[in-house]
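**Student:** Starting from the given sequences, assemble the full structure and let the hints guide the process.
Heads up: the protein sequence lines correspond to chains A and B, in order.
With the working numbering, you'll find the first sequence wraps up at 216, consecutive numbering, no jumps.
With the working numbering, you'll find the second sequence wraps up at 240, consecutive numbering, no jumps.
No wet-lab data here; the hints were simulated from the structure.
No false leads were mixed into what you were given.
Taking lysine to aspartate or glutamate pairs in the EDC-like style, the calculated list, with each CA pair at most 20 Å apart, reads:
#, chain 1, residue 1, chain 2, residue 2
1, A, Lys-207, A, Asp-187
2, A, Lys-195, B, Glu-231
3, A, Lys-103, A, Glu-208
4, A, Lys-78, A, Asp-187
5, A, Lys-78, B, Glu-231
6, B, Lys-184, B, Asp-206
In silico negatives: residues of chain B with every beta carbon more than 12 Å from chain A:
#, residue
7, Pro-117
8, Ser-118
9, Ser-119
10, Leu-127
11, Val-130
12, Arg-133
13, Gln-134
14, Arg-176
15, Lys-184
16, Asp-206
17, Ala-210
18, Met-211
19, Phe-213
20, Asn-215
21, Tyr-220
Glycine included, each C-beta is placed from N, C-alpha and C at the ideal position.
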Amino acid sequence: MAPQKKWSLVAIAVAALVAGLILLRHGGGRVARPLATKGSLAPDFTLPQLDGRELHLSSYRGKIVLLDFWATWCVPCREEIPHFVELENKYGKDGLEIVGVSMDDGPEPVRTFYQQFHMNYPVVMGNANLGEQYGGVLGLPIAFLLDREGRISAKHIGATKPETIEKEATALLESR
Amino acid sequence: MKPVGNFVRAGLMVLALLCGGIGIAAGQATSIPSSRLIGPEDLVRVLQRQAVEKPLVLQVGSHVLYSQAHIPGSEYIGSAASQSGLDQLRKRVEKLPRTKFIVLYCGCCPWTHCPNVKPADDALAAMGFQNVKVLYLANNFGADWVEKGYPTAKGD
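**Tutor:** Spelled out as structure tokens, the structure:
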């Protein structure tokens, strides 16, 4: 093969690869959503908390976990937080752990909110990648209740009655 | 107390409650007139139509949500509930003709609780834009757009 033709083929192949990668990232196709459904294992993550310490979700195995995706600008989320604070107070000693995942664009408003609302459970800063792992967090709030093995026992999209979550959490706490 | 006095007092209370309600609603998406709304299906139709001027589609919500999924071709502006988001929105459109077809959307929360679309719509109206539509997403972008199978892109 003539060197000129060979280099042309290489250039075409590289261009096709780059175009493919761009399409994959920005393309107009539908977004593939991995499943984070009832019964499946909650995707593990390690993320920094507001105080800088890392939180590993897997370290909560053996506990019942309420994983709450929220944001400071989300009105229904704000309304739920005091109820979660109360739940932590009421059932924390029995093995209920609440973990907040903030989907704010930065930690500053979250730190302020945390103080104002006297939050008593850890909050990590979420990101788009984590949202995708959990099936797409494309509207808030979304709460997952995890059993002692880290499996998703319930998923609530949108504001949920506090008594519903309390009932589900206590049922899990009682199942040994 | 005279019955007439009680009646007047009750009337004033109702009026005060109504005024309070209107005041609260003024900052909410629910106070956007239906004539300024566009539904997901209609927007998809507009975006897919050939040989028509495509609207400028602007996302005025959260970046984390935009990165996960957004309308192909739409641009991220930022939360219009914040001053920086509003500034960014004004900057993006300031040089455009006031007849430009612009679609605003967010979908961060249920429509009744969205803090972003109303301030964005108000800002464009104040700048004199006459052809603005706000995408009506009853629940959120995930439920009313992605789950419906409408075209979606991801990334920054």
